[in-house]
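Number of protein chains: 2
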Amino acid sequence: MISPKFREMLKGESVIRKMSGKGNVLAEKIGRENVFDYSIGNPSVPAPENLNDIFKELLDTKDPLTLHGYSESHGILEVRKQIADSLKRRFRLPYTYEDIFMTSGAAGAMAHALRAVVCPGEEVITFAPYFPEYVPYTEGAGAVLKVIPPDIPAFQINFDMLEKEINEKTAAVLINTPNNPSGVVYSTDTIIRLSELLRAKSKEFGHTIYLLSDEPYREIVFEGVDAPFVSSFYENTIICYSFSKSLSLPGERIGYVAVNPACEDAAMIVDMCAQISRFTGHNCPSSIIQYVAGEMIDETSDLSVYEKNSKILYEELTKLGFSCQEPGGTFYMFPKAPIEDAIAFCEEALKYHLVLVPGDSFGCPGYFRISYCVQTEKLMRSLPQFAKLAKAYGLS
Amino acid sequence: MISPKFREMLKGESVIRKMSGKGNVLAEKIGRENVFDYSIGNPSVPAPENLNDIFKELLDTKDPLTLHGYSESHGILEVRKQIADSLKRRFRLPYTYEDIFMTSGAAGAMAHALRAVVCPGEEVITFAPYFPEYVPYTEGAGAVLKVIPPDIPAFQINFDMLEKEINEKTAAVLINTPNNPSGVVYSTDTIIRLSELLRAKSKEFGHTIYLLSDEPYREIVFEGVDAPFVSSFYENTIICYSFSKSLSLPGERIGYVAVNPACEDAAMIVDMCAQISRFTGHNCPSSIIQYVAGEMIDETSDLSVYEKNSKILYEELTKLGFSCQEPGGTFYMFPKAPIEDAIAFCEEALKYHLVLVPGDSFGCPGYFRISYCVQTEKLMRSLPQFAKLAKAYGLS
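Residue numbers (the numbering used here), protein chains in the order written: chain A, 1 to 396; chain B, 1 to 396.
It is worth saying that the hints were derived from the structure and are not from the lab. Everything hinted at is true.
Remember, identical chains collapse to one label, so a pair may be satisfied in a single copy or spanning two.
Using 27 Å as the maximum straight-line C-alpha spacing, the simulated BS3-like pairs for lysine-lysine come out as follows: (1) 62 x 378; (2) 169 x 5; (3) 203 x 5; (4) 81 x 11; (5) 388 x 319; (6) 81 x 18; (7) 351 x 311; (8) 201 x 5; (9) 22 x 81; (10) 5 x 146; (11) 388 x 311.
Being a predicted model, the structure only gives us computed values, none of them experimental.
Extracted from the complex, chain A is given alone in its bound form (with noise of 0.2 Å):
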């Protein structure tokens, strides 16, 4: 029978993409040059310019029946080398490749370790604002994500909240920093408190809550920013992460699961993942990917415009009046909207030809997004339109 679940998530739409709809329409009638499109959280920079030399060589020199050939089920050994040895020297954690998991980006890793470390019917804590698809994440491993509401104005960790929260049934708890949709980053001070409540709840219920840790982003974080590595400071803490921001590939699908060497049966949990695959269809991301992706393990695209949008928007917006917490990283920021309805305030801005995203389905309503992967020109020519937006609001 046609799965009632999935065709009545066809009525659903993501509020991201309706934006990103409402604007190509908009593009059509005022021209794509006119249209200052934040809504899409999409690199602007291209991948790093030896990506092709390193695809042919790759074409050149290997045989293409190991090329392109099956993987082993947990993904290409020396990849999986390539990544320890990267995590090992970067952040001084003993990680070998038996800790290490290939997979389809992070989103296929988040299907993993959720599927490896939570069961049906536990829980898992996630801190609003939050990436929106982590309810189907968590929902696909049978279990329920329960959202902590937002630390306002920092967007660190509302701690009150979630030790009020947490309880006997939390298998995890899921964070992603620096975050999609604030920009913010963990403070190291967040991350140990977060740390010992964990460690110290583990205790009182009894079993290991595990700390996922979404790091599409890791690569991306701004000057002088304090960014914590996880992993260094709770010891059952297991990374997804994601290829796609850091080297502009994110069509590619590619990314891993590392889990903490010092985590009890790191191996295992690995090695579980390997049998996840069966039952979700994965079986490893593109083998020739895999490949790019060991070859490029130290690089980045140039990120540096990110920055340099950021800087730039953060204070203009500040100096029209927006109230706004600076982002630390991403190519993301989070300022509250000039009244209680942020869906009317962006229907609003559409009129401004500026594309914004209602923090509602981020779990965090009043605010909003822009992602300003963009063009720093075209962003530069976007700021008399955000000032006549604040004026049409008497902020400034």
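Given the coordinates of chain A, work out where chain B should sit on it, guided by the hints.
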């Protein structure tokens, strides 16, 4: 909590991998060249020669932000069109891009198709001998796989048993033709009879019974063999396709779901697949691999070696006294073991340096699988070993 289900699975081991492992141990003792490893179904011919040129042209000419960018959630529109056009041209059914959903190989296709048309608690019927991964694929969708005993010796469909087992809970029937492990292709008569039965039973039970057609071996059919295009015979057919075998790209994880345009709600099923991805953490195959597959849509590797190997091996084995249905395609053969216990027989075969897989895990005890995707020269060298093995069992 660590999932007891997936932890428990670590104790089980695939029989195919177990035999392959024994082959590797043997290879370390007597040298790889002296071991005749027929355990794994891995293409032995390289990808087509122009593959590298196509890769390089894409890298040189396409904007990297497009080439490596997010594809829309159904897959890249242009590639979906190329696939639909090819199916339309080759099989004269009016496919459009709306009937196509891009997946990570046939495994990904099955994961999506099963979740779309089978609800938790419902049943999926398949026919022995069958690919053992059908069990987790089906269980992943919350359903139960029911296996119809083999139709011996022809390995077509045991219709008497099917009629007994099909019932109100049957949501889908899953076939694989050309078949792994038997190598047999279902005849036009078989497909017509199956279609008629499914139509009658759909009517009787008041709901559509979908036919899931797993077709990774569609392009590997030997000369003169009757190989009907399943979708032409039954309107509610969903193809699960992979380019793994046709283009020798198993590690690149590229395939598709193609819903028969005559199927009720074809476009809706494809739309639902895009929702299902959100729960399995799938989010499309690699973008560059999608473009490559689109460009090579009607090409294949040089697949002639499989037919050549099949003829040589079939002739020799039957001459030696083995009983075997002649393969019509694939690179598998599934002879009867000369003793009841095929596991013991395959253990014994190792003494003759032959790595074979017992049929038990394919739901067909007493038979064994030979994956003859090997160099013909090596296959020739293995024939005297088969002769000795036959003699040991008094066959010749």
